[in-house]
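**Student:** Below are the chains, spelled out letter by letter.
Number of protein chains: 2
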Amino acid sequence: MPKVAIAGAGLVGALNACYFAQRGWDVEVYEFRRDIRTLEHVPGRSINLALSQRGKCALEAVGLKDYIVDQGVPMYARLVHNVDGKTFSRQPYGQPGEHIVSINRRHLNEVMITQAEKSKNVRFFFEHKVLLLSLNVVVVSLHLPWKVETTVKADLVIACDGAYSAVRRSLATQPRFDYSQEYIGHGYIELNILPKNDEYALEPNVFHLWPRGHFTLIALANRDKTFTVTIFAPFSEFEDKMSTPKDAEIFFQKNFPDAYELLGRDHLLDTFRRVKPQSLVSIKCRPHDFADFVLLTGDAAHAMVPFYGQGMNCGFEDCLVLKETLDVCNDDIPKALSMYSASRVKDTHTIIDLAMYNYEELKDLVNHPSYKLRKKFDLFLNRLFPNWWIPLYSMVTFTRIPYHEVVEKRKWQDKVSYFRKKMICSIRHPLHFCFHLEFC
Amino acid sequence: MPKVAIAGAGLVGALNACYFAQRGWDVEVYEFRRDIRTLEHVPGRSINLALSQRGKCALEAVGLKDYIVDQGVPMYARLVHNVDGKTFSRQPYGQPGEHIVSINRRHLNEVMITQAEKSKNVRFFFEHKVLLLSLNVVVVSLHLPWKVETTVKADLVIACDGAYSAVRRSLATQPRFDYSQEYIGHGYIELNILPKNDEYALEPNVFHLWPRGHFTLIALANRDKTFTVTIFAPFSEFEDKMSTPKDAEIFFQKNFPDAYELLGRDHLLDTFRRVKPQSLVSIKCRPHDFADFVLLTGDAAHAMVPFYGQGMNCGFEDCLVLKETLDVCNDDIPKALSMYSASRVKDTHTIIDLAMYNYEELKDLVNHPSYKLRKKFDLFLNRLFPNWWIPLYSMVTFTRIPYHEVVEKRKWQDKVSYFRKKMICSIRHPLHFCFHLEFC
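The listed protein sequences derive, respectively, from chains D and W. All residue numbers for the first sequence refer to the working numbering, where the first residue is 195 and numbers rise by one. All residue numbers for the second sequence refer to the working numbering, where the first residue is 195 and numbers rise by one.
Hints in this document: simulated from the structure, not taken from any laboratory. Bear in mind that the values here come from a model prediction, so they are computed numbers and not experimental data. Any given hint could be a false lead.
Computed cross-link-like contacts, DSSO-like style, restricted to lysine-lysine with a CA-CA straight-line distance of at most 30 Å [as the list claims (entries may be wrong)]:
#	chain 1	residue 1	chain 2	residue 2
1	W	Lys569	D	Lys435
2	W	Lys478	D	Lys470
3	D	Lys540	W	Lys529
4	D	Lys478	W	Lys470
5	D	Lys435	W	Lys529
6	D	Lys529	D	Lys280
7	D	Lys341	W	Lys470
8	D	Lys347	W	Lys341
9	D	Lys517	D	Lys570
10	D	Lys540	W	Lys435
11	D	Lys341	W	Lys435
12	W	Lys341	D	Lys540
13	D	Lys448	D	Lys419
14	W	Lys435	D	Lys529
Residues of chain D placed beyond 10 Å of chain W at every Cβ, according to the derived structure [claimed, not checked]:
#	residue
15	Val332
16	Arg363
17	Arg370
18	Pro389
19	Asp434
20	Asp521
21	Met533
22	Met550
Positions of the beta carbon are idealized from the N, C-alpha and C atoms, including for glycine.
With the hints as constraints, model all of the structure from the sequences given.
**Tutor:** Shown next as structure tokens:
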């Protein structure tokens, strides 16, 4: 059987391990950190993730979907909190029943590692870092007082070592390797809302959103009846308006009065005393395959800002697309990698751009009448013609339509929608209609 | 006096050394390669460079301009070679007398190293590589059989270690460091035309150009009466049409019959037997300064495709802008670096984009009637109003107007030029004029 070496036992690495375990390959997984199952506290990265269709399909193929979904909290709509702290508006994600699932990152990761380990053809090596030196796979052991470098032979190397991928950095001087990393001007800080009388302090089955123009607050429910709350704001706003815990308190009281009450003064002051805003990066590269045996997947290939909730889902879909491609190519690795990269680069570039665009939506657009009208129009047509008219958000979140096709379909919808606007306009001002038609 | 450590003794590193020698600082220059003055053959990088106003100004400030310009070959126009191999058209670069200078890279580099070394406050260390490890400047000696790593203390570190900068790569995981590298789909191969009867085989004082749509050939004169000839073509074209020396010969005979005659069959076959097409990359990053004491300049900060002839000129201008900024800031290094980066990022991003755009021009546009007409219109207005209307190419090449302002001015000119077109249109079709005016 072929041997695959996987760099990284995070979400995508662990899922890839499950896939190749099922395929019967020899699997070696090298993880830079210690086994998270043995850690009290896992540093870095946000706590919550929103699992949607692409992620679910990828988990289903290795028999993990139902178990994982059961461990999460379904969310059926966005609940927009107005600045008065008392009124809300509700925006369903899709048709009745369509939902995303709030999942705990750590729990999900632990389940997948344990699942992969059940196969006797899978071995995990924690505290081992993978580098590619002149395209040789070198594994550095970090668990000893001295570093030991070993060269590993593998038929396939999959880098799932995250946005700061050491494998990708080893490849950075490969000729004709396009790469970009772009930080956005916004940072984020995570907070918590504790249960109230042993119950959820807010409605659990929605995605809570406090859009305030250039900054925004979100909250997702956890199974332990807490909420993970995240504020996103420009770094300049953190510096100007939230530079001291006291200033942060005033900022929250003014902009998110209801959330402020639930977070509690002490927790807010303590968090802003301890924590600095974290940065957010988009990473694109092309190709994803190298030298016929190396493949970048997950954040190592395509880190994105979190505003479409697709980072994990896209990474999980990578595993599924790779499996499907290897199936089509009868395990011809070079052929499969090249085919995978050709299609996946296009799709991942698209979702990275969409994620960036969705930030605009979350920050502000959700409050615009024209946005709300379009959302209603989309859902109305979708109810009438469920296979023919699927709103953008639904195509991304509730289908496996390749991301680049999603955007093509949306462009076509925009044209139709433009015609709709002109129709409305024509009813009001018949003469204008002729004028506008010309420029459709 | 403050101490500056310069990574790289290439063109920009050596010029920076001259500048800081003049400033009286302690200067240490670390160069990865051996001293090029001791090498028989210098590997990599193209042989010819076109020196223009920005480069000249930068050389003048350290008293090197006249000597360097005297060693070059002035070029006053593009000479476009038609596919019949017999007819040409001539496009002056600017007003009579305005020219760029073809310079030999190696000679220029050697002169600048020697000039810098004349100051007793400058020391060169060849076969030494600079890395930043946790923002400590670590110099690795490569001239011994074993590597020796030394930590160096410096008030300022300037990375001039080229497009594949090791210093920049050490900084790649710094938070909020934007970076992109983009390879174009075209590669290049260099050839030579030897003298004919001890004279130039082509007119020396022009930039020779064979534009053929998606591929192109150029030739620049050297002082030894040879020409350096470069073919730029898509990699796919190299693979499909020039994969064997024989195919390359047929390709040249068909597309560049006059150049083929001068290159000679043997030289052409031999080159295509030995050499593979080299790739071309654009590199952008933001910021150029780090931690109040590290600055990226030259290709380490902004590699560009060679189609505007501004790579070296922009790198040289970096040295001059840095000097001017340190002057303004009275040698307050953190303040100067931050001010430098804020303005230089914008300017270098602009010239990188312009260089990419100019490829379109070199490949094809120069043959379009509308392009030629615009060129003539620009030069005509420039002659009438030399300070008010400067063509884009002239602003980039013959002035020190900051690159980003060049583009703003051009946008304004485009609006005026659009109006001109409509005026012409209105004379021919008076009724159309009213229609177009509406959409100006």
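**Student:** Confirm or reject each hint.
**Tutor:** These are the hints, each one checked on the structure:
For a cut-off of 30 Å, the pair hint linking W/Lys569 to D/Lys435 is broken: about 52 Å separates their Cα positions. Of the supplied pair hints, the one linking W/Lys478 and D/Lys470 holds, its CA atoms being roughly 28 Å apart against a limit of 30 Å. Taken as a hint, the D/Lys540 and W/Lys529 pair is broken in the structure, with Cα atoms around 42 Å apart against an allowance of 30 Å. Simply put, D/Lys478 and W/Lys470 have alpha-carbon atoms about 28 Å apart, close enough for the 30 Å limit, and the pair holds.
The hinted pair formed by D/Lys435 and W/Lys529 meets the criterion: a straight-line CA distance of about 25 Å does not exceed 30 Å. A C-alpha spacing of about 58 Å is found between D/Lys529 and D/Lys280, which places the hinted pair above 30 Å, so the restraint is violated. The hinted pair formed by D/Lys341 and W/Lys470 fails the criterion: a straight-line CA distance of about 39 Å is larger than 30 Å. Distance check on the hinted pair: D/Lys347 and W/Lys341 sit about 28 Å apart at the alpha-carbon level, within 30 Å; holds.
Distance restraint check for D/Lys517 and D/Lys570: the Cα-Cα separation of roughly 37 Å exceeds the 30 Å cut-off, and the hinted pair is therefore not satisfied. Simply put, D/Lys540 and W/Lys435 have alpha-carbon atoms about 28 Å apart, close enough for the 30 Å limit, and the pair holds. Taken as a hint, the D/Lys341 and W/Lys435 pair is broken in the structure, with Cα atoms around 50 Å apart against an allowance of 30 Å. A distance of roughly 43 Å separates the Cα atoms of W/Lys341 and D/Lys540; the hinted pair therefore is violated under the 30 Å criterion.
Between D/Lys448 and D/Lys419 the alpha-carbon distance is near 26 Å, which keeps this suggested pair within the 30 Å criterion. Proximity of W/Lys435 to D/Lys529 is assessed by CA-CA distance (about 25 Å); at most 30 Å being required, the pair is judged to hold. In this structure D/Val332 is separated from chain W by more than 10 Å, as the shortest Cβ-Cβ distance comes to about 17 Å. Here D/Arg363 does not stay apart from chain W, with its beta-carbon only about 7 Å from theirs, under the 10 Å limit.
Separation of D/Arg370 from chain W is inadequate, the least Cβ-Cβ distance of about 4 Å not exceeding the 10 Å criterion. Remark: the non-interface label on D/Pro389 is consistent with the geometry, its nearest Cβ contact in chain W lying 34 Å away (cut-off 10 Å). Residue placement check: D/Asp434 keeps its beta carbon more than 10 Å from all beta carbons of chain W (closest about 17 Å). No Cβ of chain W approaches the Cβ of D/Asp521 within 10 Å, the least distance being about 30 Å, so the stated non-interface status holds.
For D/Met533, the shortest C-beta to C-beta distance to chain W comes to about 18 Å, beyond the 10 Å cut-off, and the non-interface label holds. Consistency note on D/Met550: stated as away from chain W, and its beta-carbon is indeed over 10 Å from all of that chain's, at 13 Å minimum.
Of the numbered hints listed earlier, those contradicted by the structure are 1, 3, 6, 7, 9, 11, 12, 16 and 17.
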